[in-house]
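*Asks:* So the sequences go chain by chain: A and B.
Take 1 as the starting number for the first sequence in full-length UniProt numbering and just add one per residue.
Take 1 as the starting number for the second sequence in full-length UniProt numbering and just add one per residue.
If you're looking for bench data, these hints aren't it; they were derived computationally from the structure.
None of the values given here were measured: they were computed from a predicted structure.
A portion of the hints provided could be inaccurate.
Here are the computed lysine to aspartate or glutamate pairs in the DMTMM-like style, where the Cα-Cα straight-line distance is at most 20 angstroms [what the hints assert, rightly or not]:
1. B/Lys-336 / B/Glu-278
2. B/Lys-325 / A/Glu-127
3. B/Lys-180 / A/Glu-127
4. B/Lys-543 / B/Glu-218
5. B/Lys-185 / A/Glu-296
6. B/Lys-199 / A/Glu-296
7. A/Lys-116 / B/Glu-218
8. A/Lys-94 / B/Asp-219
9. A/Lys-155 / A/Glu-296
10. A/Lys-387 / A/Glu-269
Pulled from the structure, derived: some chain B residues nowhere near chain A, Cβ distances all over 12 angstroms [to be verified]:
11. Asn-192
12. Leu-222
13. Ala-238
14. Arg-239
15. Ala-270
16. Glu-327
17. Tyr-356
18. Leu-361
19. Ser-389
20. Arg-406
21. Gly-418
22. Arg-476
23. Ala-490
24. Gly-499
25. Glu-510
26. Asn-530
Where is the CB? At the ideal position from N, CA and C, for every residue including glycine.
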Amino acid sequence: MFALPEKESRAPSTCPGPASTQDLDSNCGDGLERECSRKPDQKLPELYGVGDPTAGFSSNSSHLSSRGGIIKWFWDSAEAGYRTYHMDEYDEDKNPSGIINLGTSENKLCFDLLSKRLSQSDMLRVEPALLQYPDWRGHLFLREEVARFLSFYCKSPVPLQAENVVVLNGCASVFSALATVLCEVGEAFLIPAPYYGAITQHVCLYGNVRLVSVYLDSEVTGPDTRPFQLTVEKLEMALQGANSQGIKVKGLILINPQNPLGDIYSPAELQNFLEFAKRHELHVMVDEVYMLSVFEESVGYRSVLSLERLPDPQRTHVMWATSKDFGMSGLRFGTLYTENRDVATAVASLCRYHGLSGLVQHQMAQLLRDRDWINQVYLPENHARLKAAHTYVAGELRALGIPFLSRGAGFFIWADLRKYLPEGSFEEERRLWRRFLDHKVLVSFGKAFECKEPGWFRLVFSDKAHRLCLAISADWP
Amino acid sequence: MDETRDGEGSSQPVEAKTKAQGMSHQSDVLPCDQLRDQVIGNQSSHTQLMETLLHLRQTVDDCITQLTTRPPQLDLPLEEQRHNQATGEQEAFLRRVVNLLQSGAMWGLGLQAPRPTLGPRDDAGGGQQAQLSRQLDQLVHQLSHLEVAFVSHDLSNRGIDISAFERSKFQDFKTYQGDKYHEDKNTMGFINLGVSENKLCTDLMTERLSRSDMNHLEDALLQYSDQRGQPFLREEVARFLTYYCKSPARLDPENVVVLSGCCSVFSALATVLCDPGEALLTPTPFFGGLVMGSYLYSKVELMPVHLDSEITDGSARPFQLTVDKLEQALLEATLKGKKVRGLLLINPQNPLGDVYSRDSLEEYLEFAKRYNLHVIIDELYMLSVFDDSVTFHSVLSMESLPDPNRTHMIWGTSKDFGISGFRFGALYTHNKEVASAVSSFGFLNGISGITQYKLCRLLQDREWIDKVYLPTNHSRLKAAHRYITNKLKALKIPFLNRGSGLYVWMNLKEYLQPCTFEEELLLHHRFLGNKLILSPGKTYMCKEPGWFRLIFSDKPLPLKLAMHRFYEVLAEQKRDLRVKQLEDPQKE
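So that you can see chain B by itself, here it is in the shape it has in the complex (with noise of 0.2 angstroms):
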């Protein structure tokens, strides 16, 4: 699946707990001196201006929420739909204004608000000044930003949620675009161990790629294909998930439908199988994309089942999943009036690594069996489980599916081959209405037939991918993972050791003083600060703050680099909590 570009937090639905103060729901004009004033002038209003945003976004999501689940307006008279309107006009009106108030101000504020809580760094200097300046700069540039954007009509509704919701990672990803780190020319710039991207085999990859076959032409890649995909490839597709899902039986190419990956494919297959509104249940934390993916275009919504990292009753670890809370979280969805259409789930999950035993996985399935609800199965990393002790079970490896008609498994090359840049995603199902549903968006998400081609060439080679490819890999992998774990081991950090994938999952509570997502906020912000992304627990609707997933799958040497940084913010943010610790029964 394609990664929230930072990881930054503010995609997330908000929990608002905030007293709203100041900005009442009539004030629609909100001028932008007085905005800037605020948030150049006063920076301890900070954390005020925040949360009074989130309160505002999040009873504007309510009421459009009440808006858009109301029955179609064709039943009402005229003078109501017209009332309708207008109210959907004033409040479209306040959503601009809060989404853009979000995402452009608190990218900028976010940055800047640890700052003034700073100690004196050890490498402080002339750099951290032209840093301040720079982001200033930044700020500034942001906020006429924000003007502009605030007099667009040109965008609707939803191009105006689209916008906003990318903006601030936009933003972000931009600034580390612009810095990213390099061996050679760079070695200051910004590290990326928040996009989930497996960058330890680019040689064999690159080496592979090159090789003769994969330049073959032929005119039927240059001209429209079966909307599904080249056959050839879906061909390809069956063999190969026939072969290293180990599934019972061969698996029919008629039940692939390739799309522009893996993102591609969830937001066709949520399309066609919930209506908007409706909603797909699904364990957190977990891979935050996908909630814009699948709301961006379907208007799918995402329920959480939340885990905890506590091992209680019925739970043999850390936030495990069970059947009871499957049950729970569907009972309660029904009873918010959420129609839940489906269970979405990630084997190998992502970010906690775990990989569901057969009889786990039967028994969610049977979950769903009951409810008439579909499955959607993640299985992207499945052959980055590189720890030989834990065995990897397929959807596709079962010998026989509870609900078969409902169950839709999707994989893609992005992470196991750690080529995302080929946009690659596969559908398998043995439900030929959905398949042929999706294959309609063939048009909108297909893939080049000189890409099909070559990804044909990559499945088939088989040899090389058991021989060369995935030992290789997966010994990249181990001894990364091994790195980053013993680090992790000699700063006492907790963290759940799983195995596979390409992220470790750790708890950073201890740096955390109060425990809140604000703070968790602030300590990713330091880390950026340092010049090193990690994603925050919040972005994958993880419900206790402290969280951080890592991904380890780097080069060597950047991820020293990474550590020595991630080593530095946490001594300093150890040193601001024992000031912070000192003062506070002083001034009690």
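Here chain A stands alone, though its shape is the one from the complex (with noise of 0.2 angstroms):
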């Protein structure tokens, strides 16, 4: 699994350097999105980067397999800021002084709202059908209310089909799955980068592919109209590149409403990306796990999914989950809509090792089909709060006189804390957000996005406001 060819991968001028030992207690900053992280290498500009997460890494574990040594390594070297804050969490009666977690992208806004809904009757049946193996697709009262549901919040401009869904314990076992049925191992994907960089773990677990960061800049140059913005000249830059270094690309993974630059595409962007990933036969997955969390009303949010005709319906794989939209992401429940048969059977077959329990698809059918409550009470009341607290957030930040991007959508900022390091490196970086840490403010940095400029963080802002106010009053650098 992790025989990647290393020349390959360790191409001078793109490709970061090996990942040193003393990043081996590193955390990415983010409890959750997990990613090694490298030294920089920022001597000549760069148009892309090929992800090895693997490079210069060797076990030394008797009992684990080599690739195991690996995975054991994602592990450590995600859980030690994680686990610092696991051991000093906030809790405002047991622990004020505990650690706020501003890293994990959790919108912890409408509990109140959840806990009333999923206690109602309707989502306490239980049935034997529902205690004995499933269809592995998932049940199909299920798959019936996602297509449904997601006909009618993406716009589709014809029904969606409950034959082309897939239910699955989450989008990270929907990247898992993806990437194994359409990559042999060690080909790649494209990804504009900064991106939600726990999707390197994803599809590099059990299916061995790689990232190729499409690297986007914060400077707006050219016939550019905002910082970082994608443009198909970067994609096909970036994929020559990669072609040219010998690695295969498969797909183009766009994440629309964009994390964590908060990003929407407009319609004829899309149209643009997925006409390049047609010319030149990629497959597209769009991961639109925060379509429901575009909470400025002027922003007009388009799902791939409205679009009247797709450039190539057969390689266009879209995913959506439960976890952002309707924060809850310890529900585990996530869904891969695609046109393509045979790729909805393959990923089918892998759901052995990606189910989710009956009586929660229950519950999931009964939520989704609740169009009354989610379009008068929830998203409302969802939105107001999530618009409140980036309000509160974006104040204080413009206070401090901090640069920030935030687009109306999504539950993060992404704030621009370049001025407060003095070299650019990226050790300083860290060191900044280790600061933040031992001033009990958990936040993740740019790195862990494979963000190519040192100094960006991104600060979650969809928690409780008691938290917020402590959490942002915590001393600033």
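Join the two chains, each given in its own frame, into one complex according to the hints.
*Replies:* Now the structure itself:
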């Protein structure tokens, strides 16, 4: 699994150097968005980078296989900061001086609404069929509900089909399964960076698939109209670069709304990216896990499923989950929508590893079915709370004179703390992150998102007001 | 463990003793029309086609094994790399062809094939004809599916493997799902005694899970948790196992990792213990779902330790596992150049129902220690030992483990609590490295917080488990087992009588003539034709044809009907054999 040809993956100008051993105790800053980090190599302008999470690692375990050693290393490297947090978690009564987590992207604003809804009697049904082996793709009643739900909220021009839906235990699993059935060992997906770093691990653990970062720039240059803008040109360059290194790229991952930028792709942009993929026969995986968390009404979000005509429907795979939009990351419910029956069948074959309880499947179907509650209670309230929390944190950052990006979607603000790094290095970035942790605030640093510029941090604002106040009022550098 | 859906034998590595003819390796182009003609027009070529395909598959498998076991390509000069790539592509194509043929065509053919040999049936009539035409439709449908898949370039080679493997069973399962037996609504539907599920206590379980204590909700349950599983659940699992496995010392929650089902636990374990192409030894016959389980994601192979139904020197019972056999299998694997990393044991065994004595267990563990092998021990049926005279010894009950750092135990609630739909499996290991590495999969194979809470409540309720659930479950299992074994005795069918598990391992050799795996498969399809699903021994990598596993943990009504259908098929088979016997001497 990890027998990657190392020569290829360490092309001098493009690839970050190998992880050094001192990185072993490092942390990405987001306990759950686990990603190993590497020493920076900033000498040449980088347009793309080939990820090789395993570079420079050698296992010395007598009990684990060589890939097992690397898998454990993933665990260890992520654990450190997360463990610190867990050992000293903030609790308003029991541990008011504990660490506040602005690192993990979770929506903690609507538990009251959810808890009430999930406790209603329709949720509590137990019947024998739910206790036995299901159809591996997910119970039909749930797949039908997902198809109806996505048809409605993604504004699909035609009703979506339950046959195209596969239900898994979270989007991480969808990434893992897709990587495995679409790529051979060592092949790659393109992904615009900065990106949600945990995907590196999702596609690597079982699938041993790599990510080629399409580096985006904070500076607005050329035809760009906004910082970190993705263009077809950048995609083309990265693809060419990867190809020239002998890396076979099989697909493109798009996160829309984007994490950590909060960017939303316009229908025209989406169309262009999809056309690019079609030209090169690339699969496109569109992660729309934040699609209902667009809290700014002026932002016109469009799901890929809303497009009149997909350039390459057989190679377009959409994923969504309740983790973010319904603030239930612990529920482990994710879904794949693809018109490609081969892909759906292959992913379904792996569902024996990624199944979720029949009782939870029932609950999810009930939840998604309750359009009244979603439209009249949950979404308006959730958006209002997200907006309020965002306004608060954004205001505080402005007061501190910290530049940031935020586009009215998602749970996070992408903050520019470069002015606090005199040398502008990733070491400094890490030290600053550590300093936050020492001051009892857990945030995520840009390196964890494969951002090529040191100094960017992601702050999650979807938390209760008192925790936010405490976190923000903690000493700033 | 998750069951293979139907017990179809197509998943098994095939020992190809076939003479390949007709299709050479160069025949890249297999016109679909030609294939269709062959399939529909010429039933008698069925076996031949199948054999050819199996042979081709075997050849390709060998090539690919060779390819994958080669050292990493980075040392090779570029040209050679290119050559390899080209060969790889060719082979991939071939493999694609073969997989698709095998998966799609065999299933359709398999159902079709026995029909022409049928004698006049008692219940034959319009129904049968309708059935035949339905099957024909199905076949045509599958062929059209085949053609579509044929031109699909969207999947990776491993994706194609994964898909092809599942497709055959998928189709089978779909047919079953669409025509399931139901007490009132569909008494003519398929009765599934192939999938190992305990349906005897759904009343108790439904009642327990409906109590209000199950419905607690707190924010932590809806948020990301410790990847190893919620601490409250790991603590409860440790307490539960300490008690029910009779562990001499209290088990440590830090050694527990919970994932979405035992398949996930096994897959994660296999991945972190073995590199691709490395192998685990396992006594066969054994539950076959893991074979694919280990191969699909982790590319770990299983090396069978073939056990014998005959009692020979050194063994006291049929299919007995001995250290000699383990030694021999290990030696053979090593000679074949296979790197064996561990030993996989199932206790109570599936499908034999064997329960290992403390001494045997100790011997196996000592054997593993001698060769630095990991031992993965699956105790999924540990609370389903319903015969009071049988004593189960969990590996966790041992005073001292020979090699604690290489001993890993798997348990789940699927079988013992009859809730396979819960998707819960637990690993217990003293090895912190292994526990950490497996925990990395917590994201990909995690369990819903709500489910974790319910499981915790369930495992906590010792009073209910000990006084209500287990006694009732055991007495119902016992009754169902008695019912089935009495029927088998009346039919003079030999079987292993073991008092554990949900299944009976029986010998239907009498009904095969000649006694081959082809005949076994035909008999299997004959059962299917009569709406009864059993699992043929080939699914369990049994080396002797004629064995079947029958699940008895179903309600009395379907069980009774199933045995009626079982009897019908065997009577019919017997008649056909007699006719065949009478005809044969005339031919000579």
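*Asks:* Check each numbered hint from earlier against the structure, then list the numbers of those it violates in ascending order.
*Replies:* Of the numbered hints, 2, 4, 5, 6, 10, 11, 12, 15, 20 and 21 do not hold.
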